[in-house]
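Spelled out, the chains give:
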Amino acid sequence: MKLSSSMAYGSSAEMMFGFARKPVETKQGLTIGGGYVIPEIVPHPRPGSEKTIKTLLREFERANFDALERCVMVGHPHLVVENEHVYQMTANPGWGGEIAAQSVRQTLEFKDKYGLKSAYRSTIADIRKPDMVNLRDSEPTSKVLESFNECAKYSDIISIESLGGKEISDYSLIRNDITGLLFAQAVLGGRDMEWLWSQIVKIAKKHDCIAGGDTDCAQANTAMFMAGGFLSKDIPHTLAALSRAISAGRTLVAYECGATGPGKDCAYENPVIKAITGVPISAEGKTSACAHPDLCGNVMGAVCDLWSNEAVEYNNMFGGSTSAVFAEMLGYDTAAMNSAISLGYQKEYQACLVNSDRYRGPHGFMLCPDNAWLIGKAVVDNNESMYTRARAAADKCGKLMLGDPLLRMTAFEKESLLSYMKEMQSLPDKEEDFIDLCLSKYGKVKGFKPASYGL
Amino acid sequence: MKHSPNSSRIFTRYDINIEVARPKIRDISEDKLLQKVADCVVKGDEEAIESAVKEALKTRSPLKVTNEGLIAGMKEVSRLWDEGIYFLPQVILSSDTMIAGIDLCEDKMGKAVKKKPKVVTHTAEGDIHDIGQVIVNALLNAAGFDVINLGADVPVDEVVEACKLHNPVMLTGTALMTTTMTAFPKIAEKLKELGLNIPFVCGGGAVSEEYVTSFDLGIWGKEASQAPGMAEDALNGLSWWEMRTKWNG
Numbered sequence: 001m002k003l004s005s006s007m008a009y010g011s012s013a014e015m016m017f018g019f020a021r022k023p024v025e026t027k028q029g030l031t032i033g034g035g036y037v038i039p040e041i042v043p044h045p046r047p048g049s050e051k052t053i054k055t056l057l058r059e060f061e062r063a064n065f066d067a068l069e070r071c072v073m074v075g076h077p078h079l080v081v082e083n084e085h086v087y088q089m090t091a092n093p094g095w096g097g098e099i100a101a102q103s104v105r106q107t108l109e110f111k112d113k114y115g116l117k118s119a120y121r122s123t124i125a126d127i128r129k130p131d132m133v134n135l136r137d138s139e140p141t142s143k144v145l146e147s148f149n150e151c152a153k154y155s156d157i158i159s160i161e162s163l164g165g166k167e168i169s170d171y172s173l174i175r176n177d178i179t180g181l182l183f184a185q186a187v188l189g190g191r192d193m194e195w196l197w198s199q200i201v202k203i204a205k206k207h208d209c210i211a212g213g214d215t216d217c218a219q220a221n222t223a224m225f226m227a228g229g230f231l232s233k234d235i236p237h238t239l240a241a242l243s244r245a246i247s248a249g250r251t252l253v254a255y256e257c258g259a260t261g262p263g264k265d266c267a268y269e270n271p272v273i274k275a276i277t278g279v280p281i282s283a284e285g286k287t288s289a290c291a292h293p294d295l296c297g298n299v300m301g302a303v304c305d306l307w308s309n310e311a312v313e314y315n316n317m318f319g320g321s322t323s324a325v326f327a328e329m330l331g332y333d334t335a336a337m338n339s340a341i342s343l344g345y346q347k348e349y350q351a352c353l354v355n356s357d358r359y360r361g362p363h364g365f366m367l368c369p370d371n372a373w374l375i376g377k378a379v380v381d382n383n384e385s386m387y388t389r390a391r392a393a394a395d396k397c398g399k400l401m402l403g404d405p406l407l408r409m410t411a412f413e414k415e416s417l418l419s420y421m422k423e424m425q426s427l428p429d430k431e432e433d434f435i436d437l438c439l440s441k442y443g444k445v446k447g448f449k450p451a452s453y454g455l
Numbered sequence: 001m002k003h004s005p006n007s008s009r010i011f012t013r014y015d016i017n018i019e020v021a022r023p024k025i026r027d028i029s030e031d032k033l034l035q036k037v038a039d040c041v042v043k044g045d046e047e048a049i050e051s052a053v054k055e056a057l058k059t060r061s062p063l064k065v066t067n068e069g070l071i072a073g074m075k076e077v078s079r080l081w082d083e084g085i086y087f088l089p090q091v092i093l094s095s096d097t098m099i100a101g102i103d104l105c106e107d108k109m110g111k112a113v114k115k116k117p118k119v120v121t122h123t124a125e126g127d128i129h130d131i132g133q134v135i136v137n138a139l140l141n142a143a144g145f146d147v148i149n150l151g152a153d154v155p156v157d158e159v160v161e162a163c164k165l166h167n168p169v170m171l172t173g174t175a176l177m178t179t180t181m182t183a184f185p186k187i188a189e190k191l192k193e194l195g196l197n198i199p200f201v202c203g204g205g206a207v208s209e210e211y212v213t214s215f216d217l218g219i220w221g222k223e224a225s226q227a228p229g230m231a232e233d234a235l236n237g238l239s240w241w242e243m244r245t246k247w248n249g
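Chains A and B are the protein sequences, given in the same order. For reference, each letter of the first sequence is one residue, going 1 to 455 in our numbering. For reference, each letter of the second sequence is one residue, going 1 to 249 in our numbering.
Calculated directly from the structure, the hints in this document are not laboratory data. Every residue gets a Cβ at the ideal spot worked out from N, C-alpha and C, and that includes glycine. Be aware that one or more of the hints could be misleading.
[What the hints assert, rightly or not] Under 10 Å between C-beta atoms, here's a sample of chain B residues computed to sit facing chain A:
no.: 1; residue: E19
no.: 2; residue: P23
no.: 3; residue: I25
no.: 4; residue: S78
no.: 5; residue: W81
no.: 6; residue: I99
no.: 7; residue: A100
no.: 8; residue: D103
no.: 9; residue: V134
no.: 10; residue: A138
no.: 11; residue: P155
no.: 12; residue: T213
no.: 13; residue: F215
[Said to hold, decoys possible] Chain A regions said to be covered by chain B (calculated; three or more residues, Cβ under 8 Å):
no.: 14; segment: 80-88
no.: 15; segment: 127-136
no.: 16; segment: 184-193
no.: 17; segment: 370-382
no.: 18; segment: 407-415
no.: 19; segment: 436-443
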C-alpha cells in the first residue's frame, strides 16, 4: 500500500460543502459530493428488538420507512439511510443481509412511487475486540467479513468502525499518554485497517457496491466524548484534539486501500481526509446531539457532502418517530446549505458555520477547513510511515493550537499540551525504533497481541 | 474567510471563566520518607515509586509505608479529584503508582494488604465497549476495594455465578448500546431468585435512569466517578433500595 503523498486541494479555500474532487455515484443516481449536500439518517433499534431477526426486520422497516416517508412529506429531494449494525446483526451475518435487502427494497419503492432518490449504507459492527481475539484469525473476524459479503449484495455503500489499537488507546487515554495514542491509532490501527480494508474493497468490487470508509470512532471519538463539554474532568480537550489529528493518518488507510467514500459520519477527522483525498465525506454535528454532545456542531458542516445525525434510537416524539423527525431536520439543514450554493453564498454560509465553533474548543478549532488542510499537509509531507505522518499531524495540530491566542485553554489543558509536544519531540524518528520502544512499554497491557497487527 | 472579532454572543467558555488558581497540594506526613512516597502517589510518578518505597522500607514497616504513605497519598488524590482540581488521568496514574508501591510492600510482608470488600464489575453481554468499566475499576481500586473484573461481553449466567462465588457488596454493569443493556434486568432477576440482594449499579452510554430503576436491585450510575461513593454506601450496609433513593431521583 502506498501512503498518500499529495493533497487533493491546493488550499482550504477550494474546499466547500457539497463539492468533492472525486464524487461518487450511487445505483439510484445520487451523486455524493457532486455539488449538493444530502442528509444521511441513522436510526437505531430499540432495546429488545435485537432478540430475533423478525423483530429487527420489523424495527428497521418502520424506522427506515418513516424517514423516507417524511422526506416525501416535507419535500426533501434525496436521502441516504444508514443502518449501523447492532452486535447481533454482524454476529449473525445473514441478519444484516436480510435487513439490507429489505431496506434497499424500501428505497426503490419510494423512488418508483414518488421519485425520491435515496441510497442505503450498511455499517458492519466490528465485533473483534482486540484484547479478546486475534484480529486477523478468529470467529468474530470471519463473521465481520461474512457480514460484509452479505450486506454488499444489496447495499449501495458499506462501511465499518474498526477497532484496531483500541486496547492500547483505552489504556493510554486515561493515562494522558500521547506516545500510547500514537502507537495505538497510527501503528496498530493503521496496520489493522490495511489488513481489513484491502479485503473490504475486494468484497465491494465483487458486488458492485461502494466501499465507503472507516472512522476512528473507537479511539478519537472516545477521546472526544471523554473530553466532553466544559464541565468534564475526564481528559483534556487538547489530548482529544491530538488524538483526532493522529486519527487522520489511520482513517486515510481505507482510501489508500481503494475505498472511495463517502466517509463515515462519525469520523470527525473527515475534513482532513477530504483535504488529502478529495473523496466525499459524511459529517455530523448539531443534529447528532441525540447521540452525544460535541463542541463543533456547525463547523463540521463546513466541507461535508452528507450530513448525518450519528444515531437516534427509534422512538416516538410529538412530531412523529425520531427517524422521521431527524430526517426532516437533517433535510432542512442541507436545504439551507444547498440554497447557499444555489445563491452563490456558499463561502459566506461556510464562514458562519466555521465562526460558530472555531474558538469554542480545540476540536472545533483544528477541524476548521484551514487547519484541517494544514494538518493534512503535514500527513502527506511526512509519509515515510504511518507513525511519522501521525506524529507530524499531531505536532502540527499542537503548534496550531499554541499559535493562535484566540483559542483559550484551561491551565491544565495548556500544561498538558506543552508536555505532549515535549514528549513527541523526544520520540524516535524511525517507525521501527518507535515500534521497538512501544512493544517494550506496552507489551504487558492486558490482552495486547502484537500478532493481531503482524508485529 | 472572515473571522468574527468577538465571540461573546457566539459561545461562552464557562470552564475558563470559573477557573481559579489551583490550591497547593497538602503535605501528607511529617516523616520525610513517607512524604516522599506520598508525593510519588500524588504526582502519579510510577518510575520513582520503587526507589521511594524501597528506601522507606529500610526503616519503616510495610504496613506503615502502605497506610501512611501510599494510601494517605491516594486520599489526597481523591480530595483533589473531588474538588475538581485533578483530571481523571491524574487519578489513574496515581492509582497505578499506589498499586505498584503496595506490591512492593506486600512482597516485603509476604502477604497481601487487607482490602475493602469485593465489588464485581462487568460490561454487558454483546457489548465490547468497556472503557467505562476500566475507569470504574481504577477508581474502585484507588478507593481500596477488591475489584473482581469480569471484563467485557460477559454472559448473564457468568455474572450471576461470580456473584455467588464472591458475594460482593456491590455489582456494576456497563453498557454503551441500548440493545445490550437488556442483560441487566435478567441478571437482577436471577440474583433475586437466589436471594442475593446485591446493589447492582448500571451505567454507561445510553443506559438511562428510567430503565435501570425499572427493575429491582438496579441503581443508575450517571458517571464512573460515583462508583467509589456508591461502594462505600454498600459497604456501610445501605440496601439497594436505600442506595437508589439516595443516588437516583
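Hint by hint, here is what the structure shows:
Given hint, E19(B) at the interface with chain A, holds; its Cβ is 6 Å from that chain's nearest Cβ, closer than 10 Å. Using the Cβ-Cβ criterion of 10 Å, the hint placing P23(B) at the interface with chain A is not satisfied: the shortest such distance is roughly 13 Å. The interface hint given for I25(B) is broken, as the beta carbon of that residue sits about 14 Å from the closest beta carbon of chain A, more than 10 Å. The interface hint given for S78(B) is broken, as the beta carbon of that residue sits about 13 Å from the closest beta carbon of chain A, more than 10 Å.
For W81(B), the interface hint holds, since its Cβ comes within 10 Å of a Cβ in chain A; the closest pair sits about 8 Å apart. For I99(B), the interface hint is violated, the least distance from its beta-carbon to any beta-carbon of chain A being 13 Å, above 10 Å. Taking 10 Å as the C-beta contact cut-off toward chain A, the hint placing A100(B) at the interface is violated, the least distance being around 13 Å. Below 10 Å, beta-carbon pairs count as interface contacts, and D103(B) has none with chain A, the closest being about 14 Å; its hint is therefore violated.
With its C-beta approaching chain A no nearer than about 6 Å, V134(B) sits inside the 10 Å limit, and its interface hint holds. Evaluation of the A138(B) hint against chain A yields a held restraint, the C-beta minimum of about 7 Å falling below 10 Å. Hint status for P155(B): violated, given a least beta-carbon distance of 13 Å to chain A, over 10 Å. At its closest, the beta carbon of T213(B) sits 15 Å from a beta carbon of chain A; the interface hint therefore is violated under the 10 Å criterion.
A distance limit of 10 Å between C-beta atoms decides the matter here; for F215(B) the minimum to chain A is near 13 Å, and the interface restraint is violated. Here's how the segment 80-88 of chain A fares: 3 of its residues keep a CB closer than 8 Å to some CB of chain B, so the rule of at least three is met and the hint holds. Counting residues of the segment 127-136 of chain A whose beta-carbon sits less than 8 Å from any beta-carbon of chain B gives 3, enough to reach three: the coverage restraint holds. Figure legend: the segment 184-193 of chain A, annotated as covered by chain B; annotation inconsistent (0 residues with Cβ-Cβ distances under 8 Å, at least 3 required).
Only when three residues or more bring their CB closer than 8 Å to a CB of chain B does the claim for the segment 370-382 of chain A stand; here the count is 1, and the claim is violated. With 5 residues bearing a CB less than 8 Å from a CB of chain B, the segment 407-415 of chain A meets the requirement of three and the coverage assertion stands. Coverage of a stretch by a chain is defined here by at least three residues with a beta carbon nearer than 8 Å to that chain's beta carbons; for the segment 436-443 of chain A and chain B the count is 0, and the condition is violated.
In summary, the structure is inconsistent with hints 2, 3, 4, 6, 7, 8, 11, 12, 13, 16, 17, 19 from the numbered list given earlier, while agreeing with the others.
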